[in-house]
Each structure stands twice: as structure tokens, then as C-alpha cells.
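Enquirer: Please work from the sequences and hints to get the whole structure.
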Amino acid sequence: MGFYTLSYLCILVFLLAAGYRTYRQLTLPVHLRWEVYPVQHETTDKLAHGGSYMEDLNWWEKKHGSSLWNELKYMVPEILFIRGLWKENRSLWRVSFPFHFGLYLMIAAFGLLVLNALIVLCGEDVFSAGGAIRTLLDGLIVFTGWVGLVLGVIGSVGTLCRRMADPELRDYSSFVDYFNILFILLFFLFAFLTCLFVDPTLEGAKSYVFGLLTGGGSLSAYAPGQSFCGGAAIVLASVLVAYVPLTHMSHMFMKYFLYHNVKWDDAPNRRGGSIEAAILKNLALKPQWNAKHVEADGRKSWLDIASSASKEIK
Amino acid sequence: MKKTLKPSDMSRPSDCLCHIEPGELSPLPPPYEDFNQTTVPPLKPEKVKNIETSLDDTVAIGIPKPASKEEEEELVRRFLSGLKKLFEKENNWTFLQPLLLSMEHCAKCQTCSDACPVYEMSGKKDIYRPMFRAEVLRRIYNKYVKPGGKITAKLTGDIDLNWTTIARLAELSYRCTLCRRCATVCPIGVDNGLINHEIRKLFSQEMGIAPKELHEKGTVQHLRVGSSTGMNPLAAKDSVDFIQEEMEEITGYKVEIPWDVEGADILLLHNAGEIISWPENVGAFAIIFQAAGLSWTLSSEAAGYDAVNYGLWYDDVQFSRVAVRHADIARRLKVKKIVMGECGHAHKALTVTSDRLLTGELNIPRESAMVTLEEIVMSGKLQFDPRKNNFPVTLHDPCNYVRLMGIVEPQRRILRKIAPGFREMTPHGVDNYCCGGGSGFAIMSPYNFETWRNLVSSRKKFLQILNAFQGEPQETPKYVCAPCSNCKGAIRDLISYYHAEERSRLYYGGLVELIVNAMANMKKSIIQFGEEPSWKS
Numbered sequence: 001m002g003f004y005t006l007s008y009l010c011i012l013v014f015l016l017a018a019g020y021r022t023y024r025q026l027t028l029p030v031h032l033r034w035e036v037y038p039v040q041h042e043t044t045d046k047l048a049h050g051g052s053y054m055e056d057l058n059w060w061e062k063k064h065g066s067s068l069w070n071e072l073k074y075m076v077p078e079i080l081f082i083r084g085l086w087k088e089n090r091s092l093w094r095v096s097f098p099f100h101f102g103l104y105l106m107i108a109a110f111g112l113l114v115l116n117a118l119i120v121l122c123g124e125d126v127f128s129a130g131g132a133i134r135t136l137l138d139g140l141i142v143f144t145g146w147v148g149l150v151l152g153v154i155g156s157v158g159t160l161c162r163r164m165a166d167p168e169l170r171d172y173s174s175f176v177d178y179f180n181i182l183f184i185l186l187f188f189l190f191a192f193l194t195c196l197f198v199d200p201t202l203e204g205a206k207s208y209v210f211g212l213l214t215g216g217g218s219l220s221a222y223a224p225g226q227s228f229c230g231g232a233a234i235v236l237a238s239v240l241v242a243y244v245p246l247t248h249m250s251h252m253f254m255k256y257f258l259y260h261n262v263k264w265d266d267a268p269n270r271r272g273g274s275i276e277a278a279i280l281k282n283l284a285l286k287p288q289w290n291a292k293h294v295e296a297d298g299r300k301s302w303l304d305i306a307s308s309a310s311k312e313i314k
Numbered sequence: 001m002k003k004t005l006k007p008s009d010m011s012r013p014s015d016c017l018c019h020i021e022p023g024e025l026s027p028l029p030p031p032y033e034d035f036n037q038t039t040v041p042p043l044k045p046e047k048v049k050n051i052e053t054s055l056d057d058t059v060a061i062g063i064p065k066p067a068s069k070e071e072e073e074e075l076v077r078r079f080l081s082g083l084k085k086l087f088e089k090e091n092n093w094t095f096l097q098p099l100l101l102s103m104e105h106c107a108k109c110q111t112c113s114d115a116c117p118v119y120e121m122s123g124k125k126d127i128y129r130p131m132f133r134a135e136v137l138r139r140i141y142n143k144y145v146k147p148g149g150k151i152t153a154k155l156t157g158d159i160d161l162n163w164t165t166i167a168r169l170a171e172l173s174y175r176c177t178l179c180r181r182c183a184t185v186c187p188i189g190v191d192n193g194l195i196n197h198e199i200r201k202l203f204s205q206e207m208g209i210a211p212k213e214l215h216e217k218g219t220v221q222h223l224r225v226g227s228s229t230g231m232n233p234l235a236a237k238d239s240v241d242f243i244q245e246e247m248e249e250i251t252g253y254k255v256e257i258p259w260d261v262e263g264a265d266i267l268l269l270h271n272a273g274e275i276i277s278w279p280e281n282v283g284a285f286a287i288i289f290q291a292a293g294l295s296w297t298l299s300s301e302a303a304g305y306d307a308v309n310y311g312l313w314y315d316d317v318q319f320s321r322v323a324v325r326h327a328d329i330a331r332r333l334k335v336k337k338i339v340m341g342e343c344g345h346a347h348k349a350l351t352v353t354s355d356r357l358l359t360g361e362l363n364i365p366r367e368s369a370m371v372t373l374e375e376i377v378m379s380g381k382l383q384f385d386p387r388k389n390n391f392p393v394t395l396h397d398p399c400n401y402v403r404l405m406g407i408v409e410p411q412r413r414i415l416r417k418i419a420p421g422f423r424e425m426t427p428h429g430v431d432n433y434c435c436g437g438g439s440g441f442a443i444m445s446p447y448n449f450e451t452w453r454n455l456v457s458s459r460k461k462f463l464q465i466l467n468a469f470q471g472e473p474q475e476t477p478k479y480v481c482a483p484c485s486n487c488k489g490a491i492r493d494l495i496s497y498y499h500a501e502e503r504s505r506l507y508y509g510g511l512v513e514l515i516v517n518a519m520a521n522m523k524k525s526i527i528q529f530g531e532e533p534s535w536k537s
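The listed protein sequences correspond, in order, to chains W and C. If you count the first sequence from 1, position 133 lands on 133 in our numbering, and the numbers rise without skipping. If you count the second sequence from 1, position 63 lands on 63 in our numbering, and the numbers rise without skipping.
You can trust all of the hints, since none of them are fake.
Here are the computed lysine-lysine pairs in the DSS-like style, where the Cα-Cα straight-line distance is at most 27 Å:
hint, chain 1, residue 1, chain 2, residue 2
1, C, Lys89, W, Lys286
2, C, Lys6, C, Lys146
3, C, Lys212, C, Lys69
4, W, Lys300, C, Lys84
5, W, Lys62, C, Lys336
Where chain C lies over chain W, by a calculated footprint (3+ residues, C-beta under 8 Å):
hint, stretch
6, 54-62
7, 170-177
8, 281-288
Far from chain C, some chain W residues (derived; all Cβ distances over 12 Å):
hint, residue
9, Tyr4
10, Leu9
11, Gly19
12, Ser67
13, Trp69
14, Leu72
15, Thr135
16, Leu136
17, Val142
18, Trp146
19, Val147
20, Val150
21, Leu213
22, Cys229
23, Gly231
Bear in mind the hints are in silico, worked out from the structure with no lab data behind them. No residue lacks a Cβ here, since even glycine has one placed at the ideal position from N, Cα and C.
Expert: Written out as C-alpha cells, the structure reads:
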């Protein structure tokens with residue numbers, strides 16, 4: 001039960017930390033526009049050259065078109081295959097892609113394990129042993145698990161070596177940067193060894209995830225915690241889940257805000273709209289910058305300051 | 001062997017942390033090889049004995065050296081006070097979210113470095129990496145502002161904080177042109193250009209430290225006198241009246257430039273630098289707008305005839321004051337829209353960045369002149385004879401309205417129609433390289449900074465221009481179309497510094513000059529290669 005308790009705790013930390021990060025982003029004040037083009041949700045004719053709706057005559061009289069399809073065409077390869085790095089930094093991509101894709105496959109494998117556990121809990125006949133769907137699901141679990149672990153081990157070893165060997169990366173890396181990669185490498189390594197020597201068809205993993213959903217129930221005689229490597233893999237995976245949102249590795253999901261709330265945030269401010277209301281709130285804030293020309297005294301708002309001339313100007 | 005520098009070296013005692021040796025800069029092709037051993041000339045000791053010069057070979061700000069240890073400590077304390085304010089919504093709602101996101105998620109992959117023309121052209125000097133200054137700020141923040149930072153710094157990246165670190169960081173924030181090419185290549189979306197912008201703000205808004213050209217002679221003079229050039233409204237009107245007369249002399253076309261027409265459709269905002277340095281640009285706009293029958297006006301109110309907003313580069317407060325002034329002038333003139341002339345940063349400042357600042361009646365529609373001009377050129381209202389532009393033309397993309405605003409194609413469609421010798425630079429459009437004069441560099445020339453700009457930050461653009469005209473005979477005049485005042489200033493200085501007019505017959509100018517030059521009913525050419533216009537003789 002100790003493993004389950006740890007996993008529950010770590011999932012809770014993940015949810016709290018990721019929730020806090022997301023909440024903080026959602027409640028930050030609307031900022032000045034700072035987009036950079038190409039903005040990938042632009043319409044196809046504009047996106048072809050990186051243009052914006054502001055290329056249209058009297059653009060404010062027209063409906064601002066955008067394309068979710070164009071955005072997805074960019075974001076899906078970017079998230080899955082790290083296309084940006086492929087294009088701009090190919091040698092780093094060679095180690096970074098397997099590293100990240102290995103992690104994605106781990107998430108996918110976990111999703112399939114959860115699905116498997118839910119099916120078992122539902123006791124549906126169509127998923128009975130020997131059936132096509134059951135065979136497919138088992139196959140997918142084994143495939144994503146194995147491929148993910150192999151890629152993850154290769155990627156994390158490669159990433160660690162690259163960071164240690166390349167002065168461009170080494171000179172800017174701290175202890176934590178190495179620790180993070182080492183941590184992930186150890187998880188991949190122990191999980192890989194567990195599969196290799198003890199649990200090649202991931203039956204133990206299925207059993208553990210079933211236990212997670214049932215408060216310790218078991219599907220098979222073997223449980224991963226029975227082997228040292230299996231136990232280590234559970235501990236490392238659980239702690240990793242809790243650790244990621246506490247570090248810069250949260251870029252895994254915070255990238256959404258980096259792109260949508262800054263890089264691609266091209267929403268125009270229309271009179272009487274929600275953006276204008278948010279700006280008016282911001283303009284009521286009272287800055288305390290100390291340089292003389294600002295003339296902030298703690299009582300003047302941004303609106304007062306922006307619409308007045310400082311003494312040095314008069 | 002290349003000397004490597006780490007962020008922690010910023011606090012290390014040294015008279016010059018980074019020096020460019022002869023031959024280290026990226027090489028130039030013939031006939032410019034004689035510049036390949038050129039370096040930035042040393043600062044004159046008698047001129048810099050009282051200012052901070054310990055970063056590299058040049059000085060952009062000229063921060064006075066503190067007189068005592070106590071003063072140094074006070075400055076460090078004020079820096080930390082400003083740093084805290086950058087992360088408070090009351091003080092920095094303007095950029096808090098972008099700053100937090102970029103500070104917290106950098107993976108230190110260095111992908112941004114190869115995108116930076118300053119880093120590349122400098123011979124890959126570490127301090128010019130986009131993430132170098134960001135990492136310095138990040139370490140200072142983590143160690144000296146975050147709770148428990150002095151303990152965790154050993155794990156997350158250490159740095160010592162002293163006056164030297166701060167003075168160098170202030171200078172280093174003026175070795176980046178804010179072109180934000182680095183931001184476009186970051187796989188995560190981190191924007192080191194934004195962090196650089198925030199460093200400049202911290203120094204200006206908290207400590208009153210900024211280059212004179214941007215603050216005293218820039219935004220302060222702009223708001224006080226009416227223009228960062230020092231031109232008051234009367235001088236501006238006189239100059240434009242003179243341009244009006246000269247345009248008839250030059251082109252044979254009589255033009256009348258309207259002032260303060262209440263209720264006009266368009267308020268045209270020029271960078272006042274055009275009035276002084278490139279009056280033909282102001283005249284060409286007037287010819288096109290008049291010939292197309294537009295209802296338009298200039299404003300003679302202080303700041304209304306100068307579209308610049310240097311606050312965009314270093315200070316949100318000054319930025320806001322200038323933007324509000326511009327919008328208020330348009331509001332009182334009751335115009336239907338503001339059209340931004342050929343000035344890149346003015347485009348971005350008033351059209352995009354201040355979009356989240358101007359509310360109610362101040363939120364007047366703003367449009368790029370590229371769009372207005374495209375409508376005129378394509379409408380058939382004017383007749384063109386493209387053969388008049390029978391020389392090679394290439395287009396420089398001003399970062400501020402191309403990469404940072406998405407105005408990419410209108411100017412190209414115009415050029416394809418009126419300039420048969422048009423060819424692109426490589427790369428171009430949103431992937432363009434900065435002229436090297438961005439973020440105020442074009443107007444900054446203290447000490448030897450102008451030489452540093454010509455040798456380092458503008459070097460990539462010079463290479464691009466040379467490549468665009470590769471294969472053209474040396475004696476053929478070549479036109480670099482740079483529809484932005486600051487870019488034109490930087491390119492003018494490049495051409496002069498490298499003697500490119502003599503060696504390659506390189507000339508530069510705006511887009512409207514090319515349009516007027518191609519107009520069928522102009523009796524004389526407005527573009528006259530190698531001939532000084534009457535107002536310069």
C-alpha cells in the first residue's frame with residue numbers, strides 16, 4: 001500500500017502545482033500586445049507569408065478571421081515531434097526528440113493502462129481475453145511501453161551527454177539542470193530493466209494501475225513492487241509526476257500560455273469590449289517606480305501618469 | 001582559442017569583460033575584405049574615465065561611476081527594489097505575464113543564439129547571446145529576490161551581485177536590437193528580447209538610467225518641444241512648407257500639404273526625422289495622397305508631427321505618455337483613422353503595443369501606410385511606368401511592422417508592380433534580419449557606439465544587401481528600399497562607413513520615393529543616384 005500512497009500523494013501534488021500555475025496565468029492582468037509573426041491561427045492566405053489581419057484596408061471594419069485548423073497543423077507536429085528544434089537546432093533535436101517522445105509514449109502508455117483498468121472494472125464481454133479489441137489494447141500497451149522506454153533511455157542519455165560535453169550548454173547549466181535529466185534517465189532505466197527482466201508484457205504495470213483505481217486491488221500475482229527495479233520505477237515515476245510542475249519542465253503544458261497568451265495574442269481591443277474593461281482595471285493600478293520622471297507617489301494611477309506630463313517635460 | 005564567458009563572470013573584476021580581436025568578426029566579401037581586420041576603436045581614456053566601461057569595447061549609456069562604496073551599495077539596493085517591481089502587477093501589469101513565462105521556462109538549449117545577428121556577427125561572443133543577459137537577470141532574481149534564494153542558488157545557478165554586475169547588465173541591455181528573431185525560433189516560446197526590454201525598463205523606471213538619445217533627447221524632448229529632433233511646431237511647418245516648394249522643383253508636380261484639417265479621413269503621422277533627413281519621403285507621400293484624391297492631414301500640434309515613440313524601447317511610462325498624446329491629437333482632429341508613415345517602431349508602438357492602453361475615444365483606428373499605399377497603387381487611380389525604376393531594387397523588412405505586426409505583403413505587391421528589378425533578400429519577410437539600428441541604436445552614437453553598430457549589429461544586414469545584388473555590375477546603381485526611418489538611418493551609416501556608394505554604387509531610400517518615381521505623369525525623377533538633392537546642397 002506504501003507505493004499507492006506515494007503515487008496518490010504525488011498525483012495530488014501534480015494537480016495542485018499544475019492547477020496553481022494555470023490559475024496564476026489565468027488571473028494575471030491583461031498585458032500590452034507583444035505578438036510575433038507568423039501567428040499560426042491566421043487565415044491561410046495570411047499565414048502563407050506570415051501576415052496579419054492588419055494587412056487589410058480598414059481592418060477594424062472587418063471580422064477578424066482565424067483558423068483553428070492552421071493552428072493545429074502547426075502545434076501538433078510542434079508538440080509531438082518538436083518541429084521547431086528540428087528546423088532550428090537539428091543536432092540537439094537528435095537527442096531531444098527521443099527524450100520527449102519517450103515521455104509522451106509513457107503518458108500514452110499510462111492512459112492505455114487506465115483504459116485497461118476501467119474496462120476490467122466494467123467487466124465488458126467485448127473485451128474478454130482473446131477478443132480482437134483486447135488483443136489490440138494489450139498490443140498497444142506493450143508497444144507504447146517498450147518503444148517509449150527505449151526512446152526515453154536513448155534520449156535521456158543523449159541529452160545528458162550533450163549537456164555535459166557541449167560548452168554552449170554546459171556553461172549555462174546548473175546542478176538542477178543535470179539533476180532533472182538524471183532523474184528522468186533513472187526512471188526510464190529502472191522501468192526499462194523491469195520490463196526487460198521481470199515484466200515484458202507489462203502485466204505488472206496493468207496490475208499496478210488497476211490498483212491505483214481500486215485502492216490497492218490486484219489483477220495478477222505479480223506486482224511491480226515485488227522487484228527492486230519495479231519498486232524503484234514506481235517511486236521515480238510518482239515523484240517525477242509531482243516534480244515536473246514545480247520546475248521549468250512545466251513548459252510541457254505551460255507552453256500553451258507562452259504561445260497563446262503572448263506569442264500569438266493578437267486580439268484587438270474593441271471599444272466597449274472585454275479587453276477594454278480589463279485595460280481600464282489595469283489603468284487604475286498605482287505604480288511605485290522610483291525614477292523622478294515617473295512621478296509615482298503611490299496615489300497616482302497609471303491613467304493619471306500616462307495622461308500627464310512630468311516636471312522634466314514641462 | 002575563443003575565450004568563453006559564463007553568466008557568473010558578469011560580476012568578475014575586469015576592465016573589459018569582452019573584447020573583439022582583429023579578424024574575429026564575420027568576414028565580408030570583396031571588395032570589403034579590408035574591413036575584415038577592423039575592430040572597434042578603443043575608447044578614449046580621457047573621455048570615459050568617469051563612466052562605466054567594463055563590459056566590452058563600447059559604451060551606449062555612459063553610466064557615471066559611483067563616487068563611493070556607499071553609493072555603490074545604494075545603487076545595488078535600488079536595482080533590487082526595481083527588480084521586485086518588475087514582478088508586481090501594480091508596477092508592471094504591462095508585461096508581467098510575458099516576463100513570468102519567459103523567466104520560468106527557458107530550457108537553455110541555445111537555439112536562440114544562432115538566430116541572433118549580433119551574436120553571429122560578433123564572432124560568437126558569449127555575452128551577446130540572447131539568453132546570456134536573461135540568465136544573468138534570472139540568477140539575480142532567483143538568488144536575491146526569491147525567498148531562500150541564497151541557499152538554492154548553489155543548485156539553480158549562482159551569481160554575485162555587485163555594482164559591476166549591474167552596470168554591465170545595464171550596458172548589455174543595449175547590445176540587443178529587440179528584433180526578437182530569437183523569440184521566433186524558441187521551441188518553447190521564451191522571449192529573451194522581452195527580458196532585455198524589461199531590463200532596460202528596470203533601469204529607466206527605477207534608477208533613471210537610460211541613454212540620453214532615448215530619454216532626455218528622446219521622449220522628454222518629444223513631449224516638451226514636440227519632436228525628438230528638437231523641432232518645434234513652427235519649425236516643422238516651415239520645413240514642410242519648404243518641402244512643398246521643393247517637390248514641385250524636383251518632380252514638376254505641384255503639391256499642397258494640408259495641416260490640421262479637422263474631420264479629414266486620415267491623419268498621416270511621419271517620423272520627424274524624415275522632415276529633416278529625408279524630406280523627399282514627406283513630399284512623395286503628399287504627391288501620392290494628393291494624386292489619389294485622399295482626404296488627409298498632418299498635425300502641427302506638438303508631437304503630432306513626430307510619430308516616434310522611443311518609450312517602446314526602454315520605458316513603459318514614457319511610452320504611455322507619448323501614445324496617449326498621439327491618440328489625443330487624432331481624437332481632437334476628429335479624423336477617421338491614423339496612418340503610420342514609413343517608421344517601423346512608430347507602427348508597432350501606436351498600432352499594436354498601445355492597443356492595450358488606449359480606451360474609449362482614444363482608441364482611434366490605426367493603419368500601416370503600406371496598406372494605404374497598396375490600395376492606392378492597385379486601385380488604378382494612378383498611372384505607372386515601371387520602366388522608370390529600371391534599376392535593381394531590394395527590400396529591407398523593418399522588424400517592427402513585419403515580424404512584430406505581420407505587415408509583410410502589401411509593400412511587396414507594390415514593388416512587384418512598379419519595380420521590375422525587385423529581388424528579395426535572403427532570408428526575408430518575418431525571417432528578416434534587423435538593420436542593426438533597431439531599439440534606438442540608429443539614433444545612438446555616443447563615444448564609439450556608432451562604429452560598434454556598423455561593425456557588429458548592422459553587419460548581417462550589410463551582408464544581406466551585398467548578396468541581394470550579387471551578379472549586378474559594380475557600376476549599376478542599386479536601390480535598397482527601406483521603408484522605415486530608423487532602418488534608413490542605419491543603412492545610410494552602413495553605406496557611408498563601408499564606402500559602399502563608391503565601391504558598389506549602393507543607394508537607399510523609402511518606398512514612396514519608388515512609387516512617385518514610377519508615376520507616369522511626373523515630369524522629372526525623384527530618385528537621382530549620386531546627385532545631392534537641392535536641400536542638401
